[in-house]
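Taken in order, these protein sequences are the chains called A and B. For the first sequence, this note's numbering gives the first residue as 6, with consecutive numbering after it. For the second sequence, this note's numbering gives the first residue as 6, with consecutive numbering after it.
It is possible that part of the hints are untrue.
[Claimed, not checked] Derived Cβ-Cβ restraints for the label pairs, each shown as a range: (1) B:A181 to A:E64: 43 to 51 Å; (2) B:A181 to A:E57: 28 to 36 Å; (3) B:E317 to A:P175: 48 to 56 Å; (4) B:A181 to A:E51: 51 to 59 Å; (5) B:E108 to A:P40: 24 to 32 Å; (6) B:P61 to A:A341: 23 to 31 Å; (7) B:E194 to A:E64: 53 to 61 Å; (8) A:P40 to B:E194: 32 to 40 Å; (9) B:L250 to A:E51: 44 to 52 Å; (10) A:T197 to B:G18: 47 to 55 Å; (11) B:L250 to A:A181: 26 to 34 Å; (12) A:A223 to B:L250: 22 to 30 Å.
[What the hints assert, rightly or not] Examples of chain A residues lying across from chain B (beta carbon under 10 Å, computed): (13) R55; (14) D80; (15) Q84; (16) L86; (17) R213; (18) D216; (19) M236.
In case anyone wonders, no lab produced these hints; they're calculated from the structure. The structure displayed is predicted, hence computed values, not measured ones. The C-beta atom is built at its ideal place from N, Cα and C for all residues, glycine as well.
Now for the letters of each chain:
Number of protein chains: 2
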Amino acid sequence: MSRLRVTYRIRAGGEAEARARAEGIAYEQTVEVPPDVVPPGRIRDEIVGRIEEMGPDGEGAWRAVISYHPDSCGDDIAQLLNVVFGNSSMQRGIRVLAVEPGETLRARHPGARFGIEGVRRLTGRLRGGLIAPVLKPQGLDPGALAEIAWRCALGGADIVKEDHGLGDLPSAPFRARVEAISAALDRAEAETGRRPLYFATLPGPWERIEDNIAFAKAAGATGLLVMPGLMSFALSARIARDDRLALPVMAHPSLTGGFVTDPAGGMDHGVIYGTLQRLSGADISVFPNVGGRFGFTAEECRSIAAACRDPEGPGQPILPSPGGGMSVDRAGEMRAMYGDDVVYLLGGSLLRAGERIGEEIARMRAALDAAG
Amino acid sequence: MSRLRVTYRIRAGGEAEARARAEGIAYEQTVEVPPDVVPPGRIRDEIVGRIEEMGPDGEGAWRAVISYHPDSCGDDIAQLLNVVFGNSSMQRGIRVLAVEPGETLRARHPGARFGIEGVRRLTGRLRGGLIAPVLKPQGLDPGALAEIAWRCALGGADIVKEDHGLGDLPSAPFRARVEAISAALDRAEAETGRRPLYFATLPGPWERIEDNIAFAKAAGATGLLVMPGLMSFALSARIARDDRLALPVMAHPSLTGGFVTDPAGGMDHGVIYGTLQRLSGADISVFPNVGGRFGFTAEECRSIAAACRDPEGPGQPILPSPGGGMSVDRAGEMRAMYGDDVVYLLGGSLLRAGERIGEEIARMRAALDAAG
Chain A
6 MSRLRVTYRI
16 RAGGEAEARA
26 RAEGIAYEQT
36 VEVPPDVVPP
46 GRIRDEIVGR
56 IEEMGPDGEG
66 AWRAVISYHP
76 DSCGDDIAQL
86 LNVVFGNSSM
96 QRGIRVLAVE
106 PGETLRARHP
116 GARFGIEGVR
126 RLTGRLRGGL
136 IAPVLKPQGL
146 DPGALAEIAW
156 RCALGGADIV
166 KEDHGLGDLP
176 SAPFRARVEA
186 ISAALDRAEA
196 ETGRRPLYFA
206 TLPGPWERIE
216 DNIAFAKAAG
226 ATGLLVMPGL
236 MSFALSARIA
246 RDDRLALPVM
256 AHPSLTGGFV
266 TDPAGGMDHG
276 VIYGTLQRLS
286 GADISVFPNV
296 GGRFGFTAEE
306 CRSIAAACRD
316 PEGPGQPILP
326 SPGGGMSVDR
336 AGEMRAMYGD
346 DVVYLLGGSL
356 LRAGERIGEE
366 IARMRAALDA
376 AG
Chain B
6 MSRLRVTYRI
16 RAGGEAEARA
26 RAEGIAYEQT
36 VEVPPDVVPP
46 GRIRDEIVGR
56 IEEMGPDGEG
66 AWRAVISYHP
76 DSCGDDIAQL
86 LNVVFGNSSM
96 QRGIRVLAVE
106 PGETLRARHP
116 GARFGIEGVR
126 RLTGRLRGGL
136 IAPVLKPQGL
146 DPGALAEIAW
156 RCALGGADIV
166 KEDHGLGDLP
176 SAPFRARVEA
186 ISAALDRAEA
196 ETGRRPLYFA
206 TLPGPWERIE
216 DNIAFAKAAG
226 ATGLLVMPGL
236 MSFALSARIA
246 RDDRLALPVM
256 AHPSLTGGFV
266 TDPAGGMDHG
276 VIYGTLQRLS
286 GADISVFPNV
296 GGRFGFTAEE
306 CRSIAAACRD
316 PEGPGQPILP
326 SPGGGMSVDR
336 AGEMRAMYGD
346 DVVYLLGGSL
356 LRAGERIGEE
366 IARMRAALDA
376 AG
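All chains, please: the whole structure from these sequences, using the hints.
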């Protein structure tokens, strides 16, 4: 039995306060009662979180490693997150810097089914960055989205991914859309001999998710896009664990901003978009790219890519997938920054090419290969 | 057809930048492509978000009301949240101040099945604050938790609620625990003629949730505790909509801290713990009380209670449930602050009473009634 270890940065006015806050976390995240009412014996000795290390971490902040018994986490990724940060997330000035699940929880959460190697095998792209155009905008009908998918496939896309906001909306209902896009990719395959992976956006409501998963698989989707911030990391885990389904998971960061916009709270970028995605079974982790519409810094983006690919991390290494403001013009810069084991999302800028969208993808391929 | 209206506070260096950021949100939350590639016609005219109002909001901030077409949201609460704040949550300095779903989406999301009136009817407590002791700590076995439940019932608890961290852990596996606690409450009912509502904490993993819901109902739980921050607001909605199940939902705020610790980002407390809980179908919304271990201010707590009970809000008014640092000594203060339509969580302090826990609950009842 090895314990879960979580590193927190804690703001405090002095060391005594920092230690008191760390002890507060150790109780809050487990027994959630004051120390004097914790039953003696195993609960006090093993279940209450344990401060393993503690030291200063810059001005007004301390770093504490607190360990937890795996029995506090059970076999549910959501309960594991509850132990890592559930209630403490609501206290000001506590930030999760690292999560090391330990061997016991690693065995319970084996992570990605495919990982980098598996996704490469599925796409046939064994070397070089993977190119993933995004099917959008919301409001297009299934036929129009399918035509974009077909052009992208002809242009050499490795993956076509639906925009995360396509849901199950009147303009392009989930089932009609998946069927149309899948048929378009079959057609492209007949023409080129190659079919890109196709990640369908998995919509709710809750009651229809199981049917939607089964439908997507049967209709020819070869991957699923999920949004853990909206639908739980437990959904990624449910898909990743399903041997019969055996579909790769792409995780989109919608509504996870609360974890990263408060520099004194939340979680480090590498934890939420790297470690936790890996633990929950995602094969590809989408995040907002530096220099696009979002405020993520180059350092933050690099830390995400590093956490996704760290050979020591939980489960298999997975593919980081920067999106937002990505374009052919930035291919060299992006290649230099992220290297080869990466899924490049191409969104709005690509649509500008209209009917020549396939040529844009071919240009992106050439630019990436030239930079490699 | 009425549009969803979301009020954002946007940080900017000047009005032009504020307007550009507001326009950015209108595109980001819908079509997610640059304006020049939005197809003309219905997508440009109706699907792209529309800036309805805009004005200054203190130094360096602007307030913008942006409206969205209900067709962007479908009938899934998670997709509605995706439109409200999905990608924009990851941009710095954007805060959601209000969500007004409009009639179309109100009809799709009817909200709480029971609400304040329904929960009162179920408990038989038609007037005065409701008292809800929490069964904990994590690590106790089912028998020990059941004994606490029994004593609480004898003491006059209106609701007994499991700690949100009980999950499905080796110390007190979900099924054994629910059976033991339910049997203890049956015994109390035989002694007193009264059985408190019993909210069981609904654990994952995802694959077992449906079975766990059915088991809880069959075994005698009369409510379910869910954590939307861990398992999605869609789970609350799934339970609330189930006519055959017909169980009230208590929503716990675990892992929602990211929405509220960044004063320039995230969401106002009343939105996340009031409006969204109502929209998703929760009957009771738990939040950290002022003056306890958490940093919520009295004003923030009042805004949550007001949003839960606002007669103009979506669905029925629901019960705010402040927890953390609640005790008999604070009953008068709490009664003055929150009034009667409230569920008072009693946690760690109560356990100090040991075998006299029932007497503590009776004291709380007397203190609340005296303050009323």
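Outcome of the hint check:
1. The hinted window of 43 to 51 Å between A181 of chain B and E64 of chain A holds, with their beta carbons roughly 50 Å apart.
2. Checked against the given bound of 28 to 36 Å, the beta carbons of A181 of chain B and E57 of chain A, roughly 32 Å apart, stay inside it.
3. One distance hint, 48 to 56 Å for the beta-carbon pair E317 of chain B and P175 of chain A, is violated here, with the actual separation near 28 Å.
4. Between A181 of chain B and E51 of chain A the beta carbons are some 20 Å apart, a value that contradicts the proposed interval 51 to 59 Å.
5. Judged by the Cβ atoms, the range 24 to 32 Å given for E108 of chain B and P40 of chain A is violated: they are separated by roughly 51 Å.
6. For the hinted restraint 23 to 31 Å between P61 of chain B and A341 of chain A, the CB-CB distance of approximately 42 Å leaves it violated.
7. At about 58 Å, the CB distance of E194 of chain B to E64 of chain A agrees with the hint of 53 to 61 Å.
8. Our hint of 32 to 40 Å for P40 of chain A and E194 of chain B holds, since their Cβ atoms are close to 34 Å apart.
9. Checked against the hint of 44 to 52 Å, the C-beta distance between L250 of chain B and E51 of chain A comes to roughly 36 Å, which is inconsistent with it.
10. Evaluation of the 47 to 55 Å hint for T197 of chain A and G18 of chain B yields a pass: the beta carbon distance comes to about 49 Å.
11. At roughly 31 Å, the beta carbons of L250 of chain B and A181 of chain A sit within the given window of 26 to 34 Å.
12. A C-beta distance of roughly 29 Å is found between A223 of chain A and L250 of chain B, which places it inside the suggested range of 22 to 30 Å.
13. Against a cut-off of 10 Å between C-beta atoms, the interface hint on R55 of chain A is violated, since the closest Cβ of chain B lies about 14 Å away.
14. For D80 of chain A, the interface hint holds, the least distance from its beta-carbon to any beta-carbon of chain B being 6 Å, beneath 10 Å.
15. For Q84 of chain A, the interface hint holds, since its Cβ comes within 10 Å of a Cβ in chain B; the closest pair sits about 4 Å apart.
16. The criterion of a C-beta within 10 Å of any C-beta in chain B is met by L86 of chain A, whose closest approach is roughly 6 Å, and the hint holds.
17. Taken as an interface hint, R213 of chain A checks out: its beta carbon lies about 8 Å from the nearest beta carbon of chain B, inside 10 Å.
18. Taken as an interface hint, D216 of chain A does not check out: its beta carbon lies about 13 Å from the nearest beta carbon of chain B, beyond 10 Å.
19. Interface hint at M236 of chain A: satisfied, since its Cβ lies 5 Å from the closest Cβ of chain B, which is below the 10 Å cut-off.
Violated hints for the displayed structure, listed by number in ascending order: 3, 4, 5, 6, 9, 13 and 18.
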